[in-house]
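There are 4 protein chains.
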Amino acid sequence: MTEFELPPKYITAANDLRSDTFTTPTAEMMEAALEASIGDAVYGEDVDTVRLEQTVARMAGKEAGLFCVSGTLSNQIAIRTHLMQPPYSILCDYRAHVYTHEAAGLAILSQAMVVPVVPSNGDYLTLEDIKSHYVPDDGDIHGAPTRLISLENTLHGIVYPLEELVRIKAWCMENGLKLHCDGARIWNAAAQSGVPLKQYGEIFDSISICLSKSMGAPIGSVLVGNLKFVKKATHFRKQQGGGIRQSGMMARMALVNINNDWKSQLLYSHSLAHELAEYCEAKGIPLESPADTNFVFINLKAARMDPDVLVKKGLKYNVKLMGGRVSFHYQVTRDTLEKVKLAISEAFDYAKEHPFDCNGPTQIYRSESTEVDVDGNAIREIKTYKY
Amino acid sequence: MTEFELPPKYITAANDLRSDTFTTPTAEMMEAALEASIGDAVYGEDVDTVRLEQTVARMAGKEAGLFCVSGTLSNQIAIRTHLMQPPYSILCDYRAHVYTHEAAGLAILSQAMVVPVVPSNGDYLTLEDIKSHYVPDDGDIHGAPTRLISLENTLHGIVYPLEELVRIKAWCMENGLKLHCDGARIWNAAAQSGVPLKQYGEIFDSISICLSKSMGAPIGSVLVGNLKFVKKATHFRKQQGGGIRQSGMMARMALVNINNDWKSQLLYSHSLAHELAEYCEAKGIPLESPADTNFVFINLKAARMDPDVLVKKGLKYNVKLMGGRVSFHYQVTRDTLEKVKLAISEAFDYAKEHPFDCNGPTQIYRSESTEVDVDGNAIREIKTYKY
Amino acid sequence: MTEFELPPKYITAANDLRSDTFTTPTAEMMEAALEASIGDAVYGEDVDTVRLEQTVARMAGKEAGLFCVSGTLSNQIAIRTHLMQPPYSILCDYRAHVYTHEAAGLAILSQAMVVPVVPSNGDYLTLEDIKSHYVPDDGDIHGAPTRLISLENTLHGIVYPLEELVRIKAWCMENGLKLHCDGARIWNAAAQSGVPLKQYGEIFDSISICLSKSMGAPIGSVLVGNLKFVKKATHFRKQQGGGIRQSGMMARMALVNINNDWKSQLLYSHSLAHELAEYCEAKGIPLESPADTNFVFINLKAARMDPDVLVKKGLKYNVKLMGGRVSFHYQVTRDTLEKVKLAISEAFDYAKEHPFDCNGPTQIYRSESTEVDVDGNAIREIKTYKY
Amino acid sequence: MTEFELPPKYITAANDLRSDTFTTPTAEMMEAALEASIGDAVYGEDVDTVRLEQTVARMAGKEAGLFCVSGTLSNQIAIRTHLMQPPYSILCDYRAHVYTHEAAGLAILSQAMVVPVVPSNGDYLTLEDIKSHYVPDDGDIHGAPTRLISLENTLHGIVYPLEELVRIKAWCMENGLKLHCDGARIWNAAAQSGVPLKQYGEIFDSISICLSKSMGAPIGSVLVGNLKFVKKATHFRKQQGGGIRQSGMMARMALVNINNDWKSQLLYSHSLAHELAEYCEAKGIPLESPADTNFVFINLKAARMDPDVLVKKGLKYNVKLMGGRVSFHYQVTRDTLEKVKLAISEAFDYAKEHPFDCNGPTQIYRSESTEVDVDGNAIREIKTYKY
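Chains as they are written, first to last, in our numbering: chain A, 5 to 391; chain B, 5 to 391; chain C, 5 to 391; chain D, 5 to 391.
Since the hints were derived computationally from the structure, they do not count as laboratory data.
Worth double-checking, as some hints may not be accurate.
Now the stretches of chain C that chain B is said to cover, found in silico as 3 or more residues with beta-carbon under 8 Å [what the hints assert, rightly or not]:
| hint | region |
| --- | --- |
| 1 | 46-54 |
| 2 | 78-85 |
| 3 | 221-227 |
Here the structure is a predicted model, which means the values were calculated and not measured.
By construction, the Cβ of each residue, glycine as well, lies at the ideal position given by its N, Cα and C atoms.
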């Protein structure tokens with residue numbers, strides 16, 4: 005029987021700056037998994053799954069939590085649960101993951117139109133940005149009134165200023181709008197800003213809190229909100245095919261980092277990002293946005309830098325990149341930081357002689373690398389995806 | 005039995021600049037209606053309906069046409085018919101009617117995401133605008149690849165430059181994208197630019213050609229495309245509830261203006277608009293876009309003009325307005341043009357003393373007029389809708 | 005320029021038993037149309053459209069009415085308006101038009117699953133039929149709870165017994181379910197049973213009341229319900245592309261028969277159907293259901309009768325048939341009744357020698373007639389559709 | 005801080021006859037998990053996930069496989085991937101899980117209507133059942149043509165006769181219809197009938213093969229089909245929120261039983277079921293269908309047995325039941341078999357004195373158990389769901 009076509013064995017995320025989703029389960033997590041509960045979570049009978057849900061809900065000051073296998077699932081069922089009867093639309097940042105990277109779930113599941121807004125300050129949406137794009141429910145039968153504002157914290161690695169969130173929340177309450185947070189990296193926002201999850205919980209009607217990114221769990225997220233909201237979201241989770249059976253092991257492994265000193269782990273990854281940002285600034289390498297937390301976004305357009313060259317320069321130094329976004333996480337080593345500095349500056353120098361104009365909606369160019377890198381070293385095919 | 009609560013009798017559109025949909029059936033049309041065929045169009049057995057469909061299809065150089073009761077119906081079933089299997093998205097101008105004023109049909113019927121693009125030149129989308137926002141189908145499972153470009157001609161009253169359309173069409177064909185045209189006012193574009201409908205027909209895979217706006221028919225539009233496209237669109241028309249029975253009278257009345265000198269009628273309405281635009285420019289009243297055809301868009305934001313005051317000033321001179329868009333059509337009189345000049349300049353002067361900052365997505369503010377206008381004259385409630 | 009490919013001129017519905025939608029506008033209607041109002045109904049400014057809506061609403065004892073271009077449109081927007089947030093399902097008769105002949109609108113517009121029930125008595129659903137198929141909302145996340153019961157009166161020409169409707173209504177109210185009526189032929193039910201429309205209005209939360217079938221109007225229906233319901237339905241009507249402009253003529257023509265002695269007209273058509281039913285029974289020709297009103301359903305399966313032969317036998321006597329359903333309406337002549345008796349009995353005799361077993365979901369076989377009928381007479385291609 | 009409200013610790017599935025989803029991970033599986041790969045499966049970089057997918061695909065003779073977190077997810081994305089452009093419908097058994105227990109996914113994700121068919125033989129759909137309910141694509145714009153037949157093997161524990169599947173497949177190919185199999189218990193069908201998975205793979209275009217039911221894995225299923233099909237299904241999996249990161253452990257644990265002697269394990273569970281079926285028959289306790297494999301369906305309606313009493317009688321003997329379906333799996337002990345015999349016969353005797361008429365669409369009554377069982381023993385609340 006012919007051999008399976010298997011990918012190469014994934015050894016470590018220590019040199020993987022493509023995304024913080026590459027964090028790998030630790031030995032401590034594996035040990036914990038052996039003790040996990042074995043109930044069927046669809047029937048609400050798995051202890052560790054319930055413990056995880058209530059732990060994260062309590063941290064966010066919410067009545068209930070729902071374990072979901074991905075952030076896309078928790079975002080999309082949260083938005084669907086807030087929306088009642090169309091025609092309606094949701095408003096979000098034009099870079100929001102719910103709009104750009106969740107494969108049209110908003111249209112398919114929620115039948116929702118989207119008003120994607122470019123922040124006037126370039127970094128995050130202000131209340132004024134929202135008010136000037138919000139579609140009021142004034143009885144106009146042509147329209148699709150805005151029913152929900154979906155924000156992302158962090159977005160593009162930027163920490164959402166708390167006072168702006170408070171202003172937006174007050175206005176939402178006055179206008180009967182729901183406020184959801186894609187908290188794929190809300191742990192990073194909390195760690196960096198010192199704002200406790202509970203305070204974010206007071207602002208947002210629901211938060212999708214990812215576990216498998218900076219927090220290092222194998223899979224999943226927890227969607228938090230009030231009891232009625234989570235009960236209905238559970239129905240949508242089943243409808244989406246997200247109802248899973250013995251999830252105890254996955255829940256127990258996620259609880260390990262939650263019960264550890266996650267703030268220090270995350271702040272370590274932020275420090276690497278801050279250092280790289282300073283390095284770039286010193287070198288005149290333009291960045292897209294302030295590197296508040298674990299991401300550094302190299303402005304490929306302004307630098308006229310070919311993302312494919314950047315990826316290959318990374319490989320030259322045995323560092324994995326996917327494009328303009330450099331994603332630090334707690335498993336990245338200082339050695340990798342030093343190497344990525346070299347890769348970026350060489351790619352920047354290369355761009356000065358070979359300016360590249362990428363004309364696509366995102367700075368990330370699907371890197372169809374050839375067999376040979378710029379320096380002639382053989383490279384296996386890299387399947388890189390947009391961040 | 006209590007009397008019905010009926011609206012006031014609508015007498016004439018001569019002074020109605022709210023929209024060109026207010027054009028009223030002419031005596032000639034009424035006469036024609038008496039001779040109309042009486043077959044059941046759902047079974048394809050109504051002569052005048054088939055005659056209208058084939059007349060307009062032939063004018064646009066297309067194989068077939070489908071009579072629809074509204075432009076929203078023909079636009080939405082056209083887009084649905086071009087789209088096969090989600091996840092996908094369509095790309096259009098951020099002001100496009102299919103996106104802003106068709107009550108989320110794109111999400112509900114077609115499960116489509118929308119990439120609304122702000123034209124870099126402020127007037128119409130260039131090929132570069134499209135290429136820099138187009139989502140390629142590169143296998144990225146996060147995305148919703150662009151499958152269709154939907155343009156509008158005219159949009160905001162602006163005639164789409166033919167050469168730009170030709171460039172966009174060539175690129176669409178290279179990239180396997182369909183190109184639809186919301187031709188609510190394509191007659192206006194053709195009349196003003198001299199580009200025959202047939203040439204537009206060569207560029208667009210489908211065109212929704214409205215009959216009830218500048219062309220003065222009571223209801224409807226004709227969706228033109230190839231035979232296979234129209235056959236499938238017929239199925240979606242029935243699904244949307246748009247299959248109608250004895251439509252002969254409506255078809256026959258639409259054919260009257262199509263067989264008349266429609267170009268002169270439209271060019272007359274354009275001349276009124278051009279004259280108003282010049283008047284405004286002379287007075288320093290800012291406009292949003294060039295008044296190529298029958299619309300003049302007063303830039304309420306730049307003029308800091310309260311649309312509600314503008315509407316009431318119009319009523320003072322017995323001219324009906326809905327906000328910043330002044331919509332001429334062939335039934336508007338020169339007398340109305342003179343009166344609307346006065347109304348606009350008084351509203352502009354009023355704004356200099358009472359600057360108004362409208363913070364909404366459209367310049368049109370839903371005019372909740374009081375019982376009394378600015379000059380004390382009693383006014384019945386106006387139900388005005390966004391243009 | 006080549007001639008248009010036009011269908012033959014449709015002269016009269018006097019011999020057309022395919023469907024009561026073939027009723028043609030009368031001279032009286034054409035006269036009335038000349039006096040019709042000319043306002044834009046999307047803005048609520050057309051007098052005759054508002055008059056039609058309030059007339060029919062008042063007849064049904066409802067707060068408001070909404071003119072729609074087809075029964076499919078009013079049925080589908082009614083059901084969508086009653087449904088709030090999925091997952092949910094509606095329950096109806098397995099032969100219901102909303103389920104079998106509205107091109108999947110329930111799934112596309114309303115995202116609704118359907119529980120189609122076969123009536124235990126073979127004619128209409130009883131409360132027990134409904135209770136034994138109803139999906140309770142008991143928190144089971146696997147299910148799609150029943151939110152709405154959609155009944156049809158008449159269905160298959162059968163008048164729904166009032167007392168059964170009253171029982172079903174009471175149970176619906178106890179269980180928080182909405183009750184919609186597809187009233188494509190509710191006029192026939194009212195005329196035959198003597199139950200006033202107003203009494204049906206007390207039972208059903210909404211009724212889609214067709215105008216273009218037995219009532220002979222060119223197009224449309226009126227959806228009646230409470231004010232809040234109709235306001236939201238208007239939004240869905242626009243979304244479906246059903247918002248039409250100068251609909252005064254169509255409204256005025258519909259009002260003609262409403263203000264005439266429509267009961268006598270309908271009872272005349274019922275009398276023809278009753279006579280044909282008695283004729284069939286006397287001949288041993290099996291019927292599918294009691295011919296309460298204007299339909300006679302020949303049981304093709306039991307009679308082992310080929311619908312294609314029946315259609316062609318009809319043509320032999322210049323009578324148009326589409327299959328097992330014989331649809332009488334007030335424009336059918338007694339002469340046509342006598343001829344269809346001959347056609348049916350000849351087809352029945354033919355079946356005795358050429359038994360035909362149609363194995364399709366409906367008794368109607370899409371009649372791909374050849375150029376020559378059974379008796380050798382040349383026949384134009386008939387495009388017949390399922391009833 | 006108040007204690008969490010945790011469910012009781014789930015110890016063993018040995019006495020759990022509610023569903024075979026309650027099978028718990030074995031020590032062997034836990035050991036295997038420790039060696040699992042740690043790549044990110046969204047990027048196709050996890051070795052064990054790819055190995056699982058290719059193992060199951062190869063067993064079913066298919067080009068590719070896709071690991072999904074649930075059978076609902078793999079069923080719904082399979083059906084969506086086969087369907088191109090609505091309006092369309094799918095045809096299935098009225099008891100099919102895709103129709104009754106996947107929370108309206110067919111309407112929400114696929115916009116599909118469903119034709120649920122009652123098998124004429126009471127057990128499984130024959131080709132004739134399908135042909136007499138299939139909606140042909142004959143151009144009828146009222147309809148929603150059948151595009152896909154979704155069968156379930158086993159369904160209701162019944163093994164689908166191979167020759168019937170072969171007949172159905174041939175007819176589907178003639179009529180251009182896709183054929184999907186919900187293989188939640190296809191392992192049971194294969195074990196019992198001796199038909200290899202590969203032969204089922206030749207018949208069905210796609211099969212959703214569950215791992216977490218009789219095969220005992222913690223979560224998931226593998227959807228198998230051709231390469232193009234699986235590539236598109238991957239896009240829908242991401243859209244549904246089913247893209248998960250480090251799934252190596254879950255994949256490795258599923259491979260344990262696949263690489264063990266699963267047939268013996270399953271046949272053991274079947275033997276228990278057969279024994280119970282014989283016991284019931286001997287006692288005159290009516291069954292709904294032949295107990296071919298691991299399920300015994302007590303006909304509650306015919307036995308006039310209250311499912312709530314049955315559940316409580318089970319608890320009296322420390323055996324967990326959810327209603328009429330008794331689900332055996334390889335972790336159930338002979339002791340449990342003996343006890344469930346007692347529970348069922350006592351409930352049956354109880355029914356003779358207290359006949360119960362359950363009037364709901366399914367024989368399973370949501371068991372709102374009181375604090376005390378029929379024999380006075382205190383019982384914790386059971387959250388039982390429909391099978």
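Taking the hints in turn, this is what the structure says about them:
no.: 1; hint: 46-54; in the structure: holds (count 7)
no.: 2; hint: 78-85; in the structure: holds (count 4)
no.: 3; hint: 221-227; in the structure: holds (count 3)
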